[in-house]
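Use these hints to put chain Z onto chain F, whose structure you have.
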Amino acid sequence: MGVLTAVIRLALRDLRRRRTEALLLLIAIAATTTTLTVGLTVGGAADRPWDRTRAATAAPDAVATSARSADLTALANAPGVTGTAGPYPTVSVTDLRVRDVRVAAVVQGRDTATGPVDRPVVTAGGWVRRGGVVVERAFAHALKARPGDEITIAGRRLRVAGVAITAARVPYPSSTPGLVWTTRADLRLLGRPVTSHVMPIRLADPSTAPAFAAAHRNVRSWQDMGAYATAELHLVNQALLTGTWALALLAVACVAVLVGGRLADQIRRVGLLKAVGATPRLVAVVLLAEHLLVALAAAAVGLFAGWAAAPALARPSTGLLATGRPDLTPGSAVIVVAVALAVTGAATLVPAVRGARTSTVRALAGPARAPRRSPRLVALSARLPVPLLLGVRLAVRRPRRAVLALVSLAITGAMVVSAIALNGDITRKDARTTGIMFVPGAPNPVTEQVDHVVFVITFALLALAAVNAVLIAWATSLDSRRPTALARALGATPGQVTAGLSAAQLFPAALAGTLAIPLGLAVYAGARAAGGASGGGAIPYAWLPAVIPGTLVAVALLTALPVRMAGRRPVAEVLRAE
Amino acid sequence: MAILRACGLRKEYGRGTGLVRAVDHVDLDVEAGETVAIVGPSGCGKSTLLHLLGGLERPTGGELRLADRRIDRMSETELARLRRQAIGFVFQAFQLVDELTALENVELPALLAGAGPRVARRRAVELLERVGLADRAAHLPAALSGGQRQRVAVARALVGRPYVVLADEPTGNLDSAATTEVLRLFAALRADGQTLLLVTHESRVAATADRVITMRDGALVGQTNLAGAGGGLGAFAGLEG
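Protein chains in written order, with the numbering used here: chain F, 1208 to 1785; chain Z, 5 to 245.
The following block holds chain F by itself, in its conformation from the complex (with noise of 0.2 Å):
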């Protein structure tokens, strides 16, 4: 009990001691937990507002489709099925007109009172009447139509009676032309040829749809019509779980680059502990125990934050019946917890215990870790100019951290480019929704949600990026006190000083710009590949070279100020406090 007081005792201390240091770690593995509790929101919940919308509609388990009503008359009475309706005459129009918009449509002839299969939920104004349509809810948000406006069919004049929702069709724009319903006395007023015919089918064992549909031609089945309704959902899951891939990775860094920074620093902390009678396991159980604290903290800004925003960030379609705000199940907030603890565990182990190795009387002396030394690139930067001379000697003294900046970087460009190729893909995508099956000028619910989740998830990753890019500066510049008092010392200017240190922080971002471009590609063309996507992807090759110089130019701004001041520092106090 005493040393479990002890311990949370010394690892709040340096916790309150460190406040700025505790936030970045909180902020860093938040992003992470954020990210991961909208995925799992979004996931556990995509498939509900289709479920519940074939609930309240009486959906049927499979919609037929023909050109001639008696070959739907025979497919009723298949083995299997317990029930139908219609089947309903279409016509497919390309002049359906609302105000000064004009668009293709299928009308759909159906009776006053609606059948036993396919009860469209009416949300807005009444069902069909005599010179009054009803139109498909996500169809009419795109026209801006509501009940009471004037609407055009084929040159008819009709008033819009209601707006309603089916499961018995996947909402415009995932299958186009929209859907109105008229009453079969106002489709043959039309005076266009009827199209097909369309019956909405119930089967007895509704899982047996899929092979149905496959038995029968123009048959499809509710969990086709499901993926597709759902589809701007599942994308948007995946382009979660992607970033939080990423996100997590990044966090490592962060976590490892400040828990690095703080043992160097507080190695003498360590060193006074086991002088006082702590043992090794406990100097790593209060260095754990201070970092898993922040993790547990940053877990439940992450399952609140994610909680909060996963509706903002993941709508149903307007098509669908909204399920309100999705549930965050106990296994989702486990697994966000498990990963906090995994993040911080990976990058706080290793120092903790190396830390906790270290003799008393070493670390009492207080020297951080021998810097490595590597012959070769010595011997070369001896030909390099000065400001590169310095930045190669200072960065292959700490190869993990360069390590960890190349790392961190590299997966954020690799982001950056996939998020690059997919806005060109969505960008094409959208190009292609135009024409007389889409309404001018109405956006792409499915495009847009999933433009917006990759737009906020490369935001995260850019800001989560920068922070390590400074830490790692900061951390730099710190750790190399002595040697650039010294070489000023020696005759370098304040400016050689200050370019070498930033070398330091180049070098592994050039190699990360590189890196990257491949690296993106890799994970845009696996993103593709997941989502089923056909044909050639939207690369952009022209602007890839420009991910490197971006990198750099990045890095170079981001690392000015701790590298200028370190540039700075008086060099007579760094080499009196040495």
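Since the hints were derived computationally from the structure, they do not count as laboratory data.
Please note that a few of the clues may not be correct.
Claimed, not checked - Taking CB as the label site, the calculated pair distances span:
(1) Leu1764(F) to Asn177(Z): 49 to 55 Å
(2) Val129(Z) to Leu1591(F): 17 to 23 Å
(3) Arg1579(F) to Arg69(Z): 49 to 55 Å
(4) Val129(Z) to Pro1747(F): 53 to 59 Å
(5) Leu1591(F) to Asn177(Z): 29 to 35 Å
(6) Arg220(Z) to Arg1689(F): 28 to 34 Å
(7) Ala1507(F) to Ala142(Z): 52 to 58 Å
(8) Arg1579(F) to Arg122(Z): 25 to 31 Å
(9) Leu1591(F) to Tyr17(Z): 49 to 55 Å
(10) Leu1764(F) to Pro45(Z): 45 to 51 Å
(11) Arg69(Z) to Pro1752(F): 52 to 58 Å
(12) Ala1549(F) to Asn177(Z): 43 to 49 Å
(13) Tyr17(Z) to Pro1606(F): 35 to 41 Å
(14) Ala1736(F) to Arg122(Z): 51 to 57 Å
What the hints assert, rightly or not - Over 10 Å on every C-beta distance to chain Z, these chain F residues come out as not near it, computed from the model:
(15) Ile1215
(16) Arg1216
(17) Arg1337
(18) Leu1397
(19) Ala1411
(20) Val1541
(21) Val1544
(22) Val1610
(23) Gly1642
(24) Pro1647
(25) Gly1698
(26) Pro1701
(27) Leu1765
(28) Ala1767
(29) Arg1771
(30) Arg1783
Cβ coordinates follow ideal geometry from the N, Cα and C atoms, glycine included.
Same frame as chain F, but now just chain Z:
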């Protein structure tokens, strides 16, 4: 002619009641080829004076000239360039770069001054031979004794052929045998006409100088000429062999 001249040199820290005069109106002339030792108790401002003379710290007031060039008004960059060519430093804690070998440490100032790698290497080898450490060239500082490390530091201070070598407690971290090694080296430098300014609290080291200046509370309070009085080169006599 004085190679190094300070007139009314001051260094103050803090303000008001917290004002500390680390260096208080110091007037000092160091002649070319002379060895001057500054002695005094801990905290009297010896190291601060040395840092001021080497351009590592900026004076609060007064004038400072090196080889007749006024240096107290120089920018940090100009001072850095000056240190490359005109000043060599030897520190109490050696201040060698841990991850560089003895040879790489010695050639570092030459590289910083823009010398080609071959030229810098040749000069470093030559200086390591001069300080008797040619066989330790490939050793890291951690593998050298205290005396050897300080000899490497002296070799490094000489790379730029400086007008003056400033040594801050050069034997402060050394045992008796190592102190002898370093003093022998200083004797050799002195014989070659190298100007040396030593800060020390060891009378054995001070006794090797031509002139010993006593410092107290930031001010120079006394001066003893040892040249021709058994000091200077004469004091090194017992170190031979």
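Checked hints:
A hinted range of 49 to 55 Å for the beta carbons of Leu1764(F) and Asn177(Z) is inconsistent with their spacing of about 42 Å. As the Cβ distance of Val129(Z) to Leu1591(F) is approximately 21 Å, the hint placing it in 17 to 23 Å holds. In this structure the supplied range 49 to 55 Å is violated for Arg1579(F) paired with Arg69(Z), their Cβ-Cβ distance being about 43 Å. Taking the beta carbon of each, Val129(Z) and Pro1747(F) are about 55 Å apart, inside 53 to 59 Å as hinted.
Look at Leu1591(F) against Asn177(Z): about 33 Å separates their beta carbons, and that is inside 29 to 35 Å. Separated by about 31 Å at the C-beta atoms, Arg220(Z) and Arg1689(F) satisfy the suggested range of 28 to 34 Å. Here the CB-CB span from Ala1507(F) to Ala142(Z) is close to 56 Å, well matched to the stated 52 to 58 Å. The hinted window of 25 to 31 Å between Arg1579(F) and Arg122(Z) holds, with their beta carbons roughly 26 Å apart.
For the pair Leu1591(F) and Tyr17(Z), the beta carbons lie near 39 Å from each other, so the given range of 49 to 55 Å is not met. Checked against the hint of 45 to 51 Å, the pair Leu1764(F) and Pro45(Z) passes, with Cβ atoms roughly 49 Å apart. Arg69(Z) and Pro1752(F) have their C-beta atoms about 54 Å apart, which keeps the hinted 52 to 58 Å range intact. A hinted range of 43 to 49 Å holds for the C-beta pair Ala1549(F) and Asn177(Z), which are about 47 Å apart.
As the Cβ distance of Tyr17(Z) to Pro1606(F) is approximately 39 Å, the hint placing it in 35 to 41 Å holds. For Ala1736(F) and Arg122(Z), the Cβ-Cβ distance of about 55 Å falls inside the hinted range of 51 to 57 Å, so the restraint holds. Listed as outside the interface, Ile1215(F) is consistent with that label: its C-beta sits roughly 37 Å from the nearest C-beta of chain Z, beyond the 10 Å cut-off. Every CB of chain Z is more than 10 Å from the CB of Arg1216(F) (nearest about 36 Å), matching its label as outside the interface.
At the 10 Å boundary, the C-beta of Arg1337(F) stays outside the reach of chain Z, the nearest C-beta of that chain being 91 Å off. No Cβ of chain Z approaches the Cβ of Leu1397(F) within 10 Å, the least distance being about 85 Å, so the stated non-interface status holds. Here Ala1411(F) stays apart from chain Z, with its beta-carbon at least about 78 Å from theirs, past the 10 Å limit. Distance check for Val1541(F) against chain Z: the nearest CB is about 46 Å away, which clears 10 Å, and the non-interface claim stands.
Once the 10 Å rule is applied to beta carbons, Val1544(F) is consistent with being away from chain Z; the minimum gap is 41 Å. Annotated as non-interface, Val1610(F) keeps its C-beta farther than 10 Å from every C-beta of chain Z; the closest such distance is 17 Å. Non-interface call for Gly1642(F) relative to chain Z: holds, since the shortest CB-CB distance, roughly 66 Å, exceeds 10 Å. With a minimum CB-CB distance of about 64 Å to chain Z, Pro1647(F) clears the 10 Å threshold, and the non-interface call stands.
Distance check for Gly1698(F) against chain Z: the nearest CB is about 3 Å away, which does not clear 10 Å, and the non-interface claim fails. At roughly 5 Å, the least C-beta separation between Pro1701(F) and chain Z is not larger than 10 Å, which violates its mark as non-interface. Separation of Leu1765(F) from chain Z is adequate, the least Cβ-Cβ distance of about 24 Å exceeding the 10 Å criterion. Listed as a non-interface residue, Ala1767(F) keeps its Cβ farther than 10 Å from every Cβ of chain Z; the least gap is roughly 18 Å.
Separation of Arg1771(F) from chain Z is adequate, the least Cβ-Cβ distance of about 13 Å exceeding the 10 Å criterion. Against the 10 Å criterion, Arg1783(F) falls within the reach of chain Z, whose nearest CB is about 7 Å from its own CB.
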